[in-house]
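Chains W and B supply the protein sequences, listed in that same order.
In terms of this note's numbering, the first sequence has 19 at position 19, counting the first letter as 1, and numbering is strictly consecutive.
Just add 1000 to the spot in the second sequence (first one is 1) and you have this note's numbering.
Please keep in mind that the hints were generated in silico from the structure rather than gathered at the bench.
C-beta: ideal position from N, C-alpha, C; glycine also.
One or more of the hints may lead you astray.
As the list claims (entries may be wrong) - Taking CB as the label site, the calculated pair distances span: (1) B/P1038 x W/I171: 38 to 44 Å; (2) B/L1060 x W/L33: 32 to 38 Å; (3) B/H1032 x W/L104: 18 to 24 Å; (4) B/V1045 x W/Y69: 17 to 23 Å; (5) W/N151 x B/F1011: 19 to 25 Å.
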Amino acid sequence: MLDRGNYFSGQSRDEKIVLFVRRHWMAFAPWALITFILLIIPIIAYFYIYSTVFGLVGIYWIIVIYSIYYLSVLAIFLNSWLNYYLNTTIVTTDHLVDIRQNGLFNRQVAEQSLLRVQDVSSRMKGILQTFFRYGRVFVETAGDTPNFELNNVPRPYKVANTIIGLHQDLIKNGSHQRQAAEAEGELNYNGNNLAEIENICSVDKDNNNSIGNEDNIYLNEFDKFSNKPEKNVEKSSQNMNDSGQLEDGKIIKF
Amino acid sequence: MLLPILFYLFFLIIYGVFSAIFIYHLNEFGYHGDASRPVLAAYFVLTIIIIIITVVLFILARSISA
Chain W
1 MLDRGNYFSG QSRDEKIVLF VRRHWMAFAP WALITFILLI IPIIAYFYIY STVFGLVGIY
61 WIIVIYSIYY LSVLAIFLNS WLNYYLNTTI VTTDHLVDIR QNGLFNRQVA EQSLLRVQDV
121 SSRMKGILQT FFRYGRVFVE TAGDTPNFEL NNVPRPYKVA NTIIGLHQDL IKNGSHQRQA
181 AEAEGELNYN GNNLAEIENI CSVDKDNNNS IGNEDNIYLN EFDKFSNKPE KNVEKSSQNM
241 NDSGQLEDGK IIKF
Chain B
1001 MLLPILFYLF FLIIYGVFSA IFIYHLNEFG YHGDASRPVL AAYFVLTIII IIITVVLFIL
1061 ARSISA
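Only chain W is shown next, with the shape it has when bound in the complex (with noise of 0.2 Å):
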């Protein structure tokens, strides 16, 4: 299992969780639906069609179709949860990582820097969207790089206004930095080159300076949104303090 800390592969050291987003619950309902259905259909044909069909074959046969039926639909409802609960969204402090699972032998992790993020969009679309306060949150990025389609986001907007946040932030201190380098002539940077603003960034998390105040800003206001809690809104008693308030480089899960 991966470690709290160890998100996903290409996670830095001191690389901190903002966002850990899993799908909303309804996007596993319909599959959850169709698991009960698919339960109850033996018990109703057992009354109707017991006369007919289960005459033509033996009681052990019966007994084994019925069997086989039930573990298969166990497997079934399993691979669907497993494919709604391993699909997550990790938004960190430098990156923007979307895991997909789709089946149990199609996974893709896409990791992208924050720095690259050009435009972030969210939508919520059709009743039970609106109803359940869940939809899309799409990221555009620069360059040739693929852009990040997040579907079924619960409170898409503020996944969106986080992730926009933490990129003007991101090109805040890294323009800060610049500048103080720059007045105190420890560092000659003359560019736009996104590597060295990131080099800054880092040096600047290595001394735990700005971006870990930073974090417990964006913690902040994204608590500050919830007046009453949610429930798909998992906030960990171990991230807490004791005045209730989220701590530095804690997560907040969906």
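Mind docking chain B on chain W? Use the hints.
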């Protein structure tokens, strides 16, 4: 009676392989403290219950037919 039992055992072997793949995925890609372990435990409990019920029904059917 032998043929249904052999068929069932063959199915259980395939089912066991798929279960092993499920376990691998949840162990490999799940996170500590999430719902992976409880769901896996529930899956195993339900599987064992179904198999036990099947065996009991087999024994009952055999005793009735005898």
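We went through each hint and held it up to the structure:
Distance hint check for B/P1038 and W/I171: the Cβ-Cβ separation is about 42 Å, which falls inside the suggested range of 38 to 44 Å. Judged by the Cβ atoms, the range 32 to 38 Å given for B/L1060 and W/L33 holds: they are separated by roughly 33 Å. Evaluation of the 18 to 24 Å hint for B/H1032 and W/L104 yields a pass: the beta carbon distance comes to about 22 Å. About 19 Å separates the C-beta atoms of B/V1045 and W/Y69, a value consistent with the hinted range of 17 to 23 Å.
Range check, W/N151 to B/F1011: about 35 Å between beta-carbon atoms, so the 19 to 25 Å window is missed.
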